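2 protein chains.
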Amino acid sequence: MSTNSRRVFFVSDRTGITAETLGRSLLTQFPDTEFRITNVPFVTNQLAAEKAAAVIRGAFELDGVKPLVFSTLTDPATQFVISSCNEYVFDLFGTFIEPLEDALGTESSHTAGRMHGIGDVGEYERRLSALNFTLGHDDGLSPRDIDGSDVVLVGVSRCGKTPTCLYLAMHYSIAAANYPVTDDDFSQRGLPKILEVCRDKLYGLTIVPEQLSRIRQERRPEGAYSTLSQCRSEVAQAETLFRDEKIPFLDTTTISIEEIAATIVRDMNLR
Amino acid sequence: MSTNSRRVFFVSDRTGITAETLGRSLLTQFPDTEFRITNVPFVTNQLAAEKAAAVIRGAFELDGVKPLVFSTLTDPATQFVISSCNEYVFDLFGTFIEPLEDALGTESSHTAGRMHGIGDVGEYERRLSALNFTLGHDDGLSPRDIDGSDVVLVGVSRCGKTPTCLYLAMHYSIAAANYPVTDDDFSQRGLPKILEVCRDKLYGLTIVPEQLSRIRQERRPEGAYSTLSQCRSEVAQAETLFRDEKIPFLDTTTISIEEIAATIVRDMNLR
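Protein chains in written order, with our numbering: chain A, 1 to 271; chain B, 1001 to 1271.
Please keep in mind that the hints were generated in silico from the structure rather than gathered at the bench. In this text, all values refer to a predicted model and were calculated from it rather than measured experimentally. Any given hint might turn out to be false.
EDC-like, lysine to aspartate or glutamate: derived pairs with alpha carbons at most 20 Å apart [to be verified]:
1) B/K1051 - A/D267
2) A/K66 - B/E1034
3) A/K66 - B/D1102
4) B/K1066 - A/E98
5) B/K1066 - B/E1034
6) B/K1066 - A/E101
7) B/K1066 - A/E107
8) A/K66 - B/D1267
9) A/K66 - A/D91
10) B/K1066 - A/D267
11) A/K193 - A/D267
12) A/K51 - B/D1267
13) A/K66 - B/E1107
14) B/K1201 - B/D1185
15) B/K1246 - B/D1185
Construct all of the structure, not just a fragment, from the sequences and the given hints.
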């Protein structure tokens, strides 16, 4: 293994999503190193911890370089087994538990956390109903749909509306509809009629035409649809519409779906 | 504010997803306290940090109790502004940066991290194409679809197949199809014909009939569909099918979509 490559393990007692989210975020701070990542979820007992530790030690023997380990184990005994592997075990959870106990003046429960659990039935159903709404109203809109939506994304075909709607539903339990603007809409002046009743819920997405053309070519390479000139014309007209109608909008070209969603939640005050 | 209620701020220079994921996970360890959470994303400069700090200080004056603050700021100067608010600022990022620099023998870039960025065009397109696949193949399956799928979830209507497929696509870029088993399938012996060619990709979901009945009632309260007896019969036959055909399966009743997805990824070795 080259010196600029490093093995990384995410060890957790549930899905590993927390360890991976913070761990990957920390690793982006070291762009010159290539990280080879292994997720080790569901380490819920001593035996599982020992197995994981054996794999981590084995990686050191294989590579000659100590791997980095990010762990979010809530049980101190299993964490101890992992921490014993080497000095580069980052205990993302335990590090903050004691200071938090001080801050709150109470002991922690030391049990594996449940986030977004179905245990919270109300929250689960809100999320499911947001997802069902979004799935049922993708790429199209009837006046009835608008009543039920929290936000309506507007933009040209393939600018990121659908994944963003799904992310909003999945992570924020937001009922997100979307409306694709096309040449038909541009040929009329002003806001498409159907959108008039939900002006306050509109949010625009735009994208640079070159990127749009590339994305469309993946989907439908032949015909005018994916040509750069068509993309340029649609994007320009969509942005004019956003400006004229004072619809807040965001350029999705260089940001991720997570960031688009978080920006919409903030801008539209959806929480 | 009651003594068992505490205000919490998540402060970040991007979406706040990382701060919130770890922060919420840590807070689950203190089930007796009610946390009132405010997300403060996009704190990218000194002015934004000072604004956030003013809000945090204001909350202390309002409540008479110091709020907890979880931050993931990459810029030491803005972090300093936040850290000065009170002694309960947990620097989720900075805490690990120095030890990581030691481990890697290199300096960190101290720039806001980009996760899942469109910058990584290949990854973005994999994700989009997984999402498009999953959206296009929800609740139904043709032999052509099976070729393109990484996994095929099997289960009775409303047991969690669709949200799980979407989560697999969104977070793991996995092309997930699903097949709803119905009384028509149960009336024939053995595996439904269409599934025979993809035996190795099958994964079953099940659920306790009482919960299934409740979920179905939300959707379609009248008719046999949501009755407990119908749910009992379908679930029993689905589980018999899984056992007879040696399809691995998971009970989704008490676990979250995140956990269902992570379990499938692990069990089916999808990474």
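Outcome of the hint check:
no., hint, verdict
1, B/K1051 - A/D267, "holds (17 Å)"
2, A/K66 - B/E1034, "violated (41 Å)"
3, A/K66 - B/D1102, "holds (12 Å)"
4, B/K1066 - A/E98, "holds (17 Å)"
5, B/K1066 - B/E1034, "holds (14 Å)"
6, B/K1066 - A/E101, "holds (14 Å)"
7, B/K1066 - A/E107, "holds (18 Å)"
8, A/K66 - B/D1267, "violated (28 Å)"
9, A/K66 - A/D91, "holds (16 Å)"
10, B/K1066 - A/D267, "violated (28 Å)"
11, A/K193 - A/D267, "violated (24 Å)"
12, A/K51 - B/D1267, "holds (17 Å)"
13, A/K66 - B/E1107, "holds (18 Å)"
14, B/K1201 - B/D1185, "holds (18 Å)"
15, B/K1246 - B/D1185, "holds (17 Å)"
Violated hints, listed in ascending order, are 2, 8, 10, 11; each of the other numbered hints is respected by the structure.
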